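With the hints as your guide, set chain B onto chain A.
Heads up: the sequence lines are chains A and B, in that order. FYI, our numbering numbers position 276 of the first sequence as 276, with every residue one higher than the one before it. FYI, our numbering numbers position 48 of the second sequence as 48, with every residue one higher than the one before it.
Hints listed in this document are in silico derivations from the structure and should not be mistaken for laboratory results. As the structure is a prediction and not an experimental result, all values here were calculated from the model. The C-beta atom is built at its ideal place from N, Cα and C for all residues, glycine as well.
For the chain A half of the interface with chain B, some residues (derived, Cβ under 7 Å), not all of them:
#: 1; residue: W251
#: 2; residue: L266
#: 3; residue: N269
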Amino acid sequence: MASATRYRSRYIAGQLLAWWPAILLGLMVLMAILAPLIAPLDPNRQDLLGRLKLPGYEGRGGTYWLGTDELGRDVLSRMIYGSRVSITVAVLSVLLSGIVGVTVGMLAGYLRGWPETILMRLVDIFLSIPAILLAIITVAVLGPSFFNVILVLALTRWPRYARVAYGQTMSIARRPFVTLARSMGCSVPRALLLHILPNIISPILVVATLEFGLMVLFEAGLSFLGLGVQPPTASWGAMLSTGRNYVTSAWWIATFPGLALFLLVLSANLIGDRVSDIIGKGR
Amino acid sequence: MASFLLNRLFQALVTAFGVITLVFFIQRLTGDPTALLLPETATQKDFEAMRQTLGFDRPMIEQYLSFLGDMIRFDLGRSFIQNAPVSEILASRFPQTLQLAGGALLVAFAIGLPVGVIMALTRGRAISRWIMGLVLACQSMPTFWSGIMMILVFGVWLKWLPPSGTGSLAHLVMPSIALGLLSLATYARITRSAVVDELGRDYIRSARARGVRTPRLVRKHLLRNSAIPVISITALEISQLLAGAVIVETVFAWPGLGQLTVQSIASRDFAVVQAVVLLGAWVTILANLTADILYSLVDPRVRLGNQ
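Next comes chain A alone, as it looks inside the complex (with noise of 0.2 Å):
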């Protein structure tokens, strides 16, 4: 009786210690929705008496456990809402992209003739182009705010969803189960929906996942730039900006965003790969 608990829990902790990306990401995506709740202090607060101060400094507003930014802002409160920022732009960048390349790659891979043609092609235009640079170019453009950003990084990933559901929807397209589902009287888009998305969708799950990690990234790095979302509102890219150019002085303002940024990109990419050998063993 004793060894079938105990074997019942350690079955539990190897199951979260296999799926401990999954518990990150969810505790990231936790403290984004709670972040006013979990913030010790108001992210925009400054105190330019307590600026540049080392982590665990006892300020006007209390303990600043990560330390104080130039303006003497709260490193740990900033890097706590810095991850609404990142998720939203993540997840929306990612939706978005998403929903316009699986569209267009559907559309080709099952017309084919010259809207392939047509559509394939502009898939390679845009993929010729870095990414990053497109989405600077763009957001140099239009001028950064939250929801440009978001455009941008969607106009620039779609591409990468078009090859993948242009391949698979030209392996089901001709099935027959389509044909008879269109011999029915059923239409184009609804064949499309229904009867092919389904079947290739998991692929499709797949490369979003993997996205997430780098749409993550991009938002970043574009906010680390002066491209992103713009101050005082946090985020981490932003906060590295100051983090490097005062990394002779106060290393902590680099530190801790960047850690967290990396393990929330690093939880995302090893639940992405999870996931794709999942999907590819079930084949």
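Frame of chain A, contents of chain B only:
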């Protein structure tokens, strides 16, 4: 072979043409690109003058054709901020970026390839999983963070390497590693899966049965046969490196194209930004074309399958 090459060349040209068109339209997303070229302090009169000199008051189609004409003649225009031809500005920065990208590629290749082979040979064992974890960590590391951390540890605390700038080989070490980490991960993973694929084949088993030892097996059989995916990924990596250089150069104050791009955005020198984007795309297209040709040489099946 000739028809394969012509076909690929034609595709590359069509893509290059498409990139030019795309950049032209992005530039006009807000309607009038004049504002992008002038400092914020410009007056209404400056605006009108600039619009006329650059022909932004002409019909869109005319503008497009003249833009296309300039590009075909490789005329990238003039920077009004630096008051010099854009091509000269780019040429003065290009060697620095090339150095950096070369260093990064070396780091990625010299470490990624052996790591990939080791992961393949030890697959299924604990050590392989640990190395894979490290590789994934490299892949998830934001370059601006790993860069800053390296500056902190090796530049500021230990004082082993110069924290930023250029001048000596020592200056190149940290930026190359920061830029190369992501490619390193890609190389390791691609090499691993390519070698794993080859390991299951009959010729490997018969070579092993003949008593060929592992180092020789890797050298003589595995590397050549796993080369195709590695070559094709190099083309992609070159474009990745160019893009990554934007951030790494900013972190390390490395005076290449990336730093130029960031400075040009800050000073609203759009002519330069646009030229860097076009250059990046052209290099990518050229790299892809070269990869296509290279692997049609390594593996005749590629070009024969196409005819």
